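Visitor: In case you want the letters, here they are:
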Amino acid sequence: MHIVVCIKQVPDSAQIRIHPVTNTIMRQGVPTIINPFDLFALEEALALRDRFGGTVTVITMGPPMADAALRKALSFGADRAILLTDRLFAGSDTLATSYVLSSAIARIGQETPVDMVFTGKQTIDGDTAQVGPGIAVRLGLNQLTYVERIVELDPSLRRIVVHRRAEGGVQVLETRLPCLITMLEGTNHIRFAGMDDMFRAARAEIATWGAAEAGVDEPGRCGLRGSPTVVKKVFAPTPRTEKATPIETSGKSPQEIADAAIDVIFAAKPSLRSEMAGRRQAG
Amino acid sequence: MPERFDAIVVGAGPAGNAAALTLAEAGVSVLLLERGEYPGSKNVQGAIMYADQLQALIPDFRDDAPLERHIVEQRIWMLDDSAHVGTHYRSDGFNEELPNRYTIIRAQFDKWFAKKVQAAGALLICETTVTELLKDGDRVVGVRTDRAGGDIHADVVILADGVNALVAQRSGLRDELKPDNVALAVKEMHFLPEEVIQQRFNIGENEGVVIEAAGTITDGMLGTGFIYTNRESLSVGIGCLVSDFAASKTRPYDLLERFKQHPSIRPLLAGSEVKEYAAHLIPEGGYRAVPKVFGDGWLMAGDAGQFVNSLHREGSNMAMTTGRIAAETVIDLKREGKPMNGRNLSLYRKRLEDSYVMKDLRKYRDLPQVLHRNKQFVTTYPKLLAGAADTWFRVDGVDKRSKERQIVRSFLKGRSLRGLVGDALRLARAVR
Chain A
5 MHIVVCIKQV
15 PDSAQIRIHP
25 VTNTIMRQGV
35 PTIINPFDLF
45 ALEEALALRD
55 RFGGTVTVIT
65 MGPPMADAAL
75 RKALSFGADR
85 AILLTDRLFA
95 GSDTLATSYV
105 LSSAIARIGQ
115 ETPVDMVFTG
125 KQTIDGDTAQ
135 VGPGIAVRLG
145 LNQLTYVERI
155 VELDPSLRRI
165 VVHRRAEGGV
175 QVLETRLPCL
185 ITMLEGTNHI
195 RFAGMDDMFR
205 AARAEIATWG
215 AAEAGVDEPG
225 RCGLRGSPTV
235 VKKVFAPTPR
245 TEKATPIETS
255 GKSPQEIADA
265 AIDVIFAAKP
275 SLRSEMAGRR
285 QAG
Chain X
268 MPERFDAIVV
278 GAGPAGNAAA
288 LTLAEAGVSV
298 LLLERGEYPG
308 SKNVQGAIMY
318 ADQLQALIPD
328 FRDDAPLERH
338 IVEQRIWMLD
348 DSAHVGTHYR
358 SDGFNEELPN
368 RYTIIRAQFD
378 KWFAKKVQAA
388 GALLICETTV
398 TELLKDGDRV
408 VGVRTDRAGG
418 DIHADVVILA
428 DGVNALVAQR
438 SGLRDELKPD
448 NVALAVKEMH
458 FLPEEVIQQR
468 FNIGENEGVV
478 IEAAGTITDG
488 MLGTGFIYTN
498 RESLSVGIGC
508 LVSDFAASKT
518 RPYDLLERFK
528 QHPSIRPLLA
538 GSEVKEYAAH
548 LIPEGGYRAV
558 PKVFGDGWLM
568 AGDAGQFVNS
578 LHREGSNMAM
588 TTGRIAAETV
598 IDLKREGKPM
608 NGRNLSLYRK
618 RLEDSYVMKD
628 LRKYRDLPQV
638 LHRNKQFVTT
648 YPKLLAGAAD
658 TWFRVDGVDK
668 RSKERQIVRS
678 FLKGRSLRGL
688 VGDALRLARA
698 VR
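Protein chains in written order, with our numbering: chain A, 5 to 287; chain X, 268 to 699.
None of these hints come from the bench; they were simulated from the model.
These numbers come from a predicted model, not from an experiment.
Ideal Cβ positions, reconstructed from N, Cα and C, are used throughout, including at glycine.
The reader is advised that the hints may include incorrect statements.
Some, not all, of what chain A presents toward chain X, calculated at C-beta under 10 angstroms [unchecked claim]:
hint: 1; residue: I37
hint: 2; residue: K76
hint: 3; residue: G95
hint: 4; residue: Y150
hint: 5; residue: R153
hint: 6; residue: A205
Capping the alpha-carbon separation at 27 angstroms, the derived lysine-lysine pairs in DSSO-like fashion look like this [claimed, not checked]:
hint: 7; chain 1: X; residue 1: K542; chain 2: A; residue 2: K237
hint: 8; chain 1: X; residue 1: K402; chain 2: X; residue 2: K617
hint: 9; chain 1: X; residue 1: K667; chain 2: X; residue 2: K650
hint: 10; chain 1: X; residue 1: K626; chain 2: X; residue 2: K559
hint: 11; chain 1: X; residue 1: K605; chain 2: A; residue 2: K247
hint: 12; chain 1: X; residue 1: K617; chain 2: X; residue 2: K605
Over the 12 angstroms line for every Cβ pair with chain X, so calculated as not near, a few chain A residues [to be verified]:
hint: 13; residue: T36
hint: 14; residue: E47
hint: 15; residue: A51
hint: 16; residue: A72
hint: 17; residue: S79
hint: 18; residue: E178
hint: 19; residue: A197
hint: 20; residue: M202
hint: 21; residue: R207
hint: 22; residue: T242
hint: 23; residue: T245
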């Protein structure tokens, strides 16, 4: 079984500050982490490898410093890591990113065929959830998004059954390998690796692929040139200045307090009173 | 086959980084273990870094180290409840080509430092906690970590795991910290635009100011408050002995809140946004609190060995020096083919005695006890000084000779002649 996991290095959003004066995002000194959603994908892939054998290859597209994310993935137990880095890739939106990643996965598949591709549900910095499906479409992989559990997997029959979280319920989906899974959060817990994995990761040479090695043959489809999305403006929402108004109550019983609150609401929005009355009659 | 190194360094702070860097540069195989997510991630110090000892390790550190501002002005204030009396020393001479002191943020600094250590050839592994020392009889032969298959062997282990020295404690090499040998400091990071900081503190683009304050702000406890100017923030904090906190039942954050409200401090912080709140222990027991720092197969450096000069606020430089000297001792023994036993490693302690580290700690060896027994230095004197300054500078028709007499009387009333002379002698003896 050969599994490719796509991860992204993102700024730790818990530690991002908005500049109090200019309202811009202060990136300086903000630590980077593996996109937290990707860790569920990675753990799922590692667990499958542990069960069925095979290898887990982790890839990321990003600047040279993104090798830290790959090294970390290796320390969790991934077998191999490849950094896709090239000036041509800079400024890629989700369309261009899925093009680069799928090219690289196709290239990886030429060495050893890829059975499954995992991604996180979405990233915490882009929040689009588009790159996983983009890869699946380009590579013609069966697409399983928002997966919360892999129920069955039979590598010899190349059959997989998963639970997919959908609005209003859980879908039970069955398909055939090769497939792409975007993993839902909270589905597993990334392992605490053993000392040997820590040593292996600390000593690893991370393979670096530029556009040529990644099999990117149309440079115009990646980077800024290949990205139709334009970020026009970034702004911090202005805090609302409305002040809370204390509600005077005649008594202290819950009934009296509720009555007083409702009176204030109706006073502020008189139409609500007739609406509610109408609904009560209808009900 | 378990992993084996010439040396294992526990903790990637200034002491551990200095030790691992020195070892790696000498070609000694060294593993640097850090329990945090990355070096510095566990550190909350918004700090002063003294260039001299870092320069000895990394001569061109100024090229890429994350430095905030170099210090051009030092203010030392005695505060009573509404005033401060102080001295400032500011010099354009501090705008030298190779400045002497910088404000830094340790979370970033330690990370940068560890990169240099890795580049020199040491292996760094983070998110791995050393739980105990591996021993063969009394001899330390390696470490056990919290990970599966976590035993790692080495000829010598350098313990640089900080003030609590948990590894050494667990292995019976060091006692638990005593409450009167350790200060608890609480600190906030106040963010302000760069230009506001520069205007407010009367400094240029890369220049910085340090304010150290003592007096009634510590509520009769031994301690000091401080403000350091970073590039876009101020580190504001106050620290007192843990034993004093315990006895007075004062809450540390109440103390910090009061410090921030002091009329001399409040305007400096106006309009700032607090983004971080942190607390940390600082070993302040001085010379007499330094534990045994060497033994069969192990050495101890930095805060773990209590190497802090509390009067001069020097700690990270001593950490770097002790880390470096520990490493040099190991390198020399290795070169001479000598075993890493306690007798040979005692050379480390000897070298420390000959360095500024132990010379300075020895000079002030009585100071912690003297201050501890004489709280008037932080209670009565700040009030007397502020009162004297008030009398002297207020123009109100009273003649100067009468003012002089009034000031002398206030001192005699506050401390008596015997008390004043005694205090002067006590202090002189403690710092001579």
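Visitor: When the hints from earlier in the document are held up against this structure, which numbers fail?
Guide: Result: hints 3, 4, 5, 11, 13, 16, 17, 19, 20 and 21 break, sorted rising.
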